Amino acid sequence: MQAPWPDGVTARYLTVGGATVDLTDDDGTTRLLCAGCGHGKNAAYYPPAAHRKAQAHAERCRALPRPAAGQ
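Numbering (the numbering used here), first residue to last: 1 to 71.
Don't read these hints as lab results, they were simulated from the structure. Because the structure is a prediction, the values reported are computed rather than measured. A few of these clues could be false.
To be verified - Computed cross-link-like contacts, EDC-like style, restricted to lysine to aspartate or glutamate with a CA-CA straight-line distance of at most 20 Å: (1) K41 x D22; (2) K41 x D7; (3) K53 x D25; (4) K41 x E59; (5) K41 x D26; (6) K41 x D25; (7) K53 x D22; (8) K41 x D27; (9) K53 x D27; (10) K53 x D26.
My request is simple: use the sequences and hints to build the entire structure.
This is the structure:
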């Protein structure tokens, strides 16, 4: 069973390392954040570009998902 997406996540891409790249909307732009390596942390893109960048990153990133707090 898949866990629910975090609040605000509008799209999600699975990386080759098993982490996710999450997209969130922010006043007409879209932000992306890789849960493995942190890529995209401070960047905002127009939605089509954000999806392309998230997909391209997910195809290459081999970082493992970061453990949940307390693990």
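Right, here's what the structure says about each hint:
1. Our distance criterion of 20 Å between C-alpha atoms is met by K41 and D22, whose separation comes to about 11 Å.
2. For the hint linking K41 to D7, the alpha-carbon distance of about 17 Å falls within 20 Å, and the restraint holds.
3. Annotation: proposed proximity of K53 to D25 holds, straight-line Cα distance about 15 Å (limit 20 Å).
4. Proximity of K41 to E59 is assessed by CA-CA distance (about 18 Å); at most 20 Å being required, the pair is judged to hold.
5. For the given pair, K41 sits about 13 Å from D26 by alpha-carbon distance, which is consistent with the 20 Å threshold.
6. Taking the CA atoms of K41 and D25, the gap is near 14 Å; set against the 20 Å cutoff, the hint holds.
7. Only pairs whose Cα atoms come within 20 Å are accepted, and K53 paired with D22 is accepted, the gap being roughly 11 Å.
8. The straight-line distance between the Cα atoms of K41 and D27 is roughly 17 Å, inside the 20 Å bound, and the hint therefore holds.
9. This hinted pair checks out: K53 and D27 have alpha carbons roughly 19 Å apart, not beyond 20 Å.
10. Taking the CA atoms of K53 and D26, the gap is about 16 Å. The hint holds against a cut of 20 Å.
Hint violations for this structure: none, all hints satisfied.
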